[in-house]
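Using the sequences and the accompanying hints, generate a full structural model.
Chains as they are written, first to last, in numbering that gives the first Met the number 0: chain R, 0 to 309; chain S, 0 to 215; chain V, 0 to 408.
Worth flagging that the hints you see were computed from the coordinates, not collected in a lab.
Note that beta-carbon positions come from the ideal geometry of N, C-alpha and C, so glycine has one too.
Honestly, I wouldn't trust all of these hints.
[Unchecked claim] Using 25 Å as the maximum straight-line C-alpha spacing, the simulated SDA-like pairs for lysine to any residue come out as follows:
1. Lys295/R <-> Ser359/V
2. Lys54/R <-> Gly134/V
3. Lys124/R <-> Leu122/V
4. Lys204/S <-> Glu110/R
5. Lys48/S <-> Lys148/R
6. Lys240/R <-> Ser211/S
7. Lys50/V <-> Tyr44/R
8. Lys45/S <-> Tyr44/R
9. Lys148/R <-> Gly362/V
10. Lys47/S <-> Glu110/R
11. Lys289/R <-> Phe81/S
12. Lys289/R <-> Gly78/S
13. Lys45/S <-> Glu185/R
14. Lys240/R <-> Ile33/V
15. Lys189/S <-> Lys223/R
16. Lys290/R <-> Cys162/S
[Claimed, not checked] To spell it out: a stretch of chain V is covered by chain R in this simulated footprint if at least three of its residues, at any positions, have a beta carbon under 8 Å from a beta carbon of chain R; those stretches are:
17. 125–132
18. 141–149
19. 356–363
20. 374–380
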Amino acid sequence: MDSDKKKKMNRRTFLKGAASAAIAGSAAVTVGCEGKGLLGSSEAYALEFQEYFKKYYRVMTPVERQETVTRLEKLAKIKQDITVNIDTTKPGENVLFGYAFNVTRCEGYMECIQACVKENNLDRKSNTQYIQIFEMEPGQMTPDQGDSKFFHMVPQDGHFYMGVQCFHCENPPCVKACPTKATWKEDDGIVVVDYDWCIGCRYCMAACPYMGRRFNWNEPEVPKDEITKNQHYLGNRKRVKGMMEKCTFCIQRTRKGKLTACAEACPTGARVFGNLLDPDSEIRFVLENKKVYRLKEDLGTEPKFWYFID
Amino acid sequence: MKNPKFKESLFYIIPFYVLSFCALSGLAILFSSSAAFSSDMTMTLKVKKVTAKLDKATQVKAIIPLPKDIVKATMDYQGGSFFTEARKSKIQRFQCTSCHNNKAISINNASKISHDDIKIDHGDKEGPLSCNTCHYENDRDFLVTSKGSKIDMDHVYDMCGQCHFRQKKDWIGGAHGKRITYWAGERVVKNCTSCHNPHSPLFKKRWPKTYSVPLK
Amino acid sequence: MKKNTASKGIFSFIKDCLLWNLSGPISYQIYLCILVCLMMAGIYGYVVQFKLGLSATNMSNIVSWGFYISNFTFLVGVAAAAVMLILPSYIFKDKDLYKVAIIGEGVAVGALVMCMTFVFVDLGRPLQFWHLTPGIGQLNFPSSLLAWDIIVLNGYLALNALVPAYILYCHYKGREPVGKFYKPFIVLSIGWAIAIHMVTAFLYQGLPARPFWNNPLMGPRFLASAFAAGPAIISLVLHVVNSTTNFKIENKIFNKLRIIIVSAAVINLLMLFSEIFKEFYFPTHHSQSATYLFFGLQGHDSLVPWIWTAISINFIGTMILAFNPFRERQIILFPALILLIVGIWIEKGIGLIVPGLIPSPMGEVTSYAPSNIELLITLGILGLGMFVVTMLLKPALIIEKEYDDNHEH
Numbered sequence: 000m001d002s003d004k005k006k007k008m009n010r011r012t013f014l015k016g017a018a019s020a021a022i023a024g025s026a027a028v029t030v031g032c033e034g035k036g037l038l039g040s041s042e043a044y045a046l047e048f049q050e051y052f053k054k055y056y057r058v059m060t061p062v063e064r065q066e067t068v069t070r071l072e073k074l075a076k077i078k079q080d081i082t083v084n085i086d087t088t089k090p091g092e093n094v095l096f097g098y099a100f101n102v103t104r105c106e107g108y109m110e111c112i113q114a115c116v117k118e119n120n121l122d123r124k125s126n127t128q129y130i131q132i133f134e135m136e137p138g139q140m141t142p143d144q145g146d147s148k149f150f151h152m153v154p155q156d157g158h159f160y161m162g163v164q165c166f167h168c169e170n171p172p173c174v175k176a177c178p179t180k181a182t183w184k185e186d187d188g189i190v191v192v193d194y195d196w197c198i199g200c201r202y203c204m205a206a207c208p209y210m211g212r213r214f215n216w217n218e219p220e221v222p223k224d225e226i227t228k229n230q231h232y233l234g235n236r237k238r239v240k241g242m243m244e245k246c247t248f249c250i251q252r253t254r255k256g257k258l259t260a261c262a263e264a265c266p267t268g269a270r271v272f273g274n275l276l277d278p279d280s281e282i283r284f285v286l287e288n289k290k291v292y293r294l295k296e297d298l299g300t301e302p303k304f305w306y307f308i309d
Numbered sequence: 000m001k002n003p004k005f006k007e008s009l010f011y012i013i014p015f016y017v018l019s020f021c022a023l024s025g026l027a028i029l030f031s032s033s034a035a036f037s038s039d040m041t042m043t044l045k046v047k048k049v050t051a052k053l054d055k056a057t058q059v060k061a062i063i064p065l066p067k068d069i070v071k072a073t074m075d076y077q078g079g080s081f082f083t084e085a086r087k088s089k090i091q092r093f094q095c096t097s098c099h100n101n102k103a104i105s106i107n108n109a110s111k112i113s114h115d116d117i118k119i120d121h122g123d124k125e126g127p128l129s130c131n132t133c134h135y136e137n138d139r140d141f142l143v144t145s146k147g148s149k150i151d152m153d154h155v156y157d158m159c160g161q162c163h164f165r166q167k168k169d170w171i172g173g174a175h176g177k178r179i180t181y182w183a184g185e186r187v188v189k190n191c192t193s194c195h196n197p198h199s200p201l202f203k204k205r206w207p208k209t210y211s212v213p214l215k
Numbered sequence: 000m001k002k003n004t005a006s007k008g009i010f011s012f013i014k015d016c017l018l019w020n021l022s023g024p025i026s027y028q029i030y031l032c033i034l035v036c037l038m039m040a041g042i043y044g045y046v047v048q049f050k051l052g053l054s055a056t057n058m059s060n061i062v063s064w065g066f067y068i069s070n071f072t073f074l075v076g077v078a079a080a081a082v083m084l085i086l087p088s089y090i091f092k093d094k095d096l097y098k099v100a101i102i103g104e105g106v107a108v109g110a111l112v113m114c115m116t117f118v119f120v121d122l123g124r125p126l127q128f129w130h131l132t133p134g135i136g137q138l139n140f141p142s143s144l145l146a147w148d149i150i151v152l153n154g155y156l157a158l159n160a161l162v163p164a165y166i167l168y169c170h171y172k173g174r175e176p177v178g179k180f181y182k183p184f185i186v187l188s189i190g191w192a193i194a195i196h197m198v199t200a201f202l203y204q205g206l207p208a209r210p211f212w213n214n215p216l217m218g219p220r221f222l223a224s225a226f227a228a229g230p231a232i233i234s235l236v237l238h239v240v241n242s243t244t245n246f247k248i249e250n251k252i253f254n255k256l257r258i259i260i261v262s263a264a265v266i267n268l269l270m271l272f273s274e275i276f277k278e279f280y281f282p283t284h285h286s287q288s289a290t291y292l293f294f295g296l297q298g299h300d301s302l303v304p305w306i307w308t309a310i311s312i313n314f315i316g317t318m319i320l321a322f323n324p325f326r327e328r329q330i331i332l333f334p335a336l337i338l339l340i341v342g343i344w345i346e347k348g349i350g351l352i353v354p355g356l357i358p359s360p361m362g363e364v365t366s367y368a369p370s371n372i373e374l375l376i377t378l379g380i381l382g383l384g385m386f387v388v389t390m391l392l393k394p395a396l397i398i399e400k401e402y403d404d405n406h407e408h
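This is the structure:
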């Protein structure tokens, strides 16, 4: 009897302790969630609730795509007080984008990086940049032997410059690795990410041989007056923490016939962009007439980004 | 005694076979989905085989506007005719013949005021180009080739291309210079002097527009 | 506690298990309280991480996987190691190991729960995990190795939780479990255990972007280190069970486990030597990751003392266990087991994941050390794992002891 009573007491004290710990724990979680602003505007909350349950982009009907775009535009108005226009433009017919980089012409000015950051609404807080420009010694061929953290007058004597970004491979290892199919290659060759479908496991980042992908470790911050308002669902729309993102060959521009922001910004004309399936295009001229090479050719990823010299 | 033992062992044998079958078929699907061994031709070669002329209108559904202030180039590129940026409207003191008209000039230090900012850094140090190498003495609104033919300032590429013939060939094809804003639609490219100062054409050293931070 | 067999049902099974779990001497209650405190600390850490995003950790675009995935890798091995108890018990009909097979399965379930929790806290958007469900979401099977990993880990958890639950329930009711209901699944779990660890190894092995990982020895090496560290952990648990409960475990069981551990540990060391030879006999640019790990690169050498310590204690532990003079009192081998486990944990955890990612594919070298939040969350998950193992083993041992006493087999 005594031992039974002792057992009961031990159980009771334990349960008491466990209950109070559980209350403390749930209080902590609520406080944590409140900081996320879940108890904010009810319309924003309702829109976000619907957004949480939406389907995978590739199986959405055109009506559903329009609905989600409308919700996202409304959320942008409510939360950031800006009017954005989010496209869902499909790829054009007979288009396969290709890119060529003239290593002789790049002088390290980094105007491409500045334009890319502005065009794609990249996070200013963590200095996210899709493009890296490497300063190379003569005799080196691959950027892993170069320095991308330079900041001095350019071009430095005795150095040359080359840029890397996502190369939009035809055989992308990142697409193969993604467990939820959140990243895929579109018909016009652009490797895109459905940001809302991504669970943030970062397996694609481990799989990419070219450091082409970036992860939002923190909530991205873009100054309101610098936000580019012409956006694409798969391109430069607002991303939040925990999602993967990458260069999209400026899908919001290129599907409307415009050059990518980096190609347009380059003051020396080192960047050539166009349609690989058009035999008259500049990119095809480069492939036919110039000595072109690609990086890490031995990996068989078939990037659509070539380097050439004059 | 044989029967129960055989039944017992079935409980071991059947799942083993089931598991091996699942594993092997999973692996077969995994490897067959790999594109690596589907062909031994790289994408560069595959793309080069696509030579059928494209109906450029189907590439993009949007209407591509044509920029203002362009001229049609004097030659064709591989895809037909193309346009380049007009130059004359961007030259501050064009029409040159408003001063250079063989009349007396009444302003003091006129040449200093109008042309002092021009420093010729074109050609080598011992023998730089002189003004008359490119500018037509008899009609200052035009440029001149070494053979004496007049070149309109909008078509400056025909003159630059005399010495810089490699860059001109690349410029016509698209490996030199830059398209203006659009990759689709009519081809409009930058002119030589849109990017290069004709009197001092080399790009100058400058600070990069931004910098990259080391990742933590 | 002799009750009528007829009145025992599934509800009384659950009720009795809960009662057994919550009752015990004061030392046991304190132990449970410590575990709950660890879990609370982990929850607090996770709340901070959920608010800030993964920038609360020290991971970056270069070292995109860190402490969480390192621990996940090690613990999948521990989970797979239950097969080293199941295989002798059920296929080779070893009676001694048969007695402790259920403990091995309990440890495996605990390790699997820890694995899945580590993956959950590592995700950038964990609330969107339903995107992985085939049907309502998209599962990139069979292309993505992560999809394979999810399937095999969940399957193994089901096998290792349901089969012992069935056996225990039958023993609780005082009857022999029906062979055809569970024996096929036991056989399945043997092959499946090998599968889970090979698939986890293939996660890294299948990435040509990472030359440190892209070698054929990863899969077999994972199995060898798992079958060394896993049974070692199970040995530790058995020592604890032996000293704290009245479920007595004979010395010869520990000796058999020791033989399994030593065989696997020696093979692991051999494979380590093979990898070191490949990296350093003729170093290429692909050996930069190994150089970073063993000697430091461009001034970054934070992992160098860790890896050399890990290999030394791994070697010392293996030697002690191999040539042990204490055959009669196996508990003296306790420190050697700990040395081996810690050595393998370092070398297979942080000593595998972080160097694989450094230098970046574009040549950048950086350093990584887990942040305080990562350590806090890891402690919480450790508490969770120990809690799960305790909750599973305590009733299991009571039921098994009672069944053994009543059915002198």
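Results for each hint:
Straight-line distance between C-alpha atoms of Lys295/R and Ser359/V comes to about 14 Å, which keeps the hinted pair within the 25 Å bound. Taking the CA atoms of Lys54/R and Gly134/V, the gap is near 11 Å; set against the 25 Å cutoff, the hint holds. With a CA separation close to 21 Å, the supplied pair Lys124/R and Leu122/V stays within the 25 Å bound. A threshold of 25 Å between alpha carbons decides the hint, and for Lys204/S with Glu110/R the separation of about 14 Å falls inside it, so the pair holds.
Pair hint Lys48/S plus Lys148/R does not hold up; C-alpha atoms about 40 Å apart against a cutoff of 25 Å. Only pairs whose Cα atoms come within 25 Å are accepted, and Lys240/R paired with Ser211/S is accepted, the gap being roughly 21 Å. Proposed proximity of Lys50/V and Tyr44/R is supported: the alpha carbons are some 17 Å apart, at most 25 Å. The suggested pairing of Lys45/S with Tyr44/R is violated, with an alpha-carbon distance near 50 Å, which exceeds 25 Å.
Pair hint Lys148/R plus Gly362/V holds up; C-alpha atoms about 12 Å apart against a cutoff of 25 Å. Of the supplied pair hints, the one linking Lys47/S and Glu110/R is violated, its CA atoms being roughly 31 Å apart against a limit of 25 Å. Under the criterion of a C-alpha separation no larger than 25 Å, the hint pairing Lys289/R with Phe81/S is consistent with the structure, at around 21 Å. For the suggested pair Lys289/R and Gly78/S, the alpha carbons sit about 18 Å apart, so the restraint of at most 25 Å is met.
Using a Cα cut-off of 25 Å, the hinted pair Lys45/S and Glu185/R holds, with the two alpha carbons roughly 18 Å apart. Restraint check: the Cα-Cα separation between Lys240/R and Ile33/V comes to about 33 Å, which exceeds 25 Å; the hinted pair is violated. Between the alpha carbons of Lys189/S and Lys223/R the distance comes to roughly 33 Å, so the proposed pair goes past 25 Å and is violated. Distance hint between Lys290/R and Cys162/S is fulfilled; the C-alpha atoms sit about 22 Å from each other, no more than 25 Å.
With 6 residues having a beta carbon nearer than 8 Å to a beta carbon of chain R, the segment 125–132 of chain V meets the requirement of three or more and the stated coverage holds. With 6 residues having a Cβ less than 8 Å from any Cβ of chain R, the segment 141–149 of chain V passes the three-residue criterion, so the hint holds. Only residues whose C-beta sits within less than 8 Å of a C-beta in chain R count toward coverage, and the segment 356–363 of chain V has 7 of them, enough to reach three; the restraint holds. Here the segment 374–380 of chain V counts 0 residues with a CB under 8 Å from a CB of chain R, which misses the bar of 3, and the coverage is violated.
The structure fails hints 5, 8, 10, 14, 15 and 20 (numbered hints given earlier, in ascending order).
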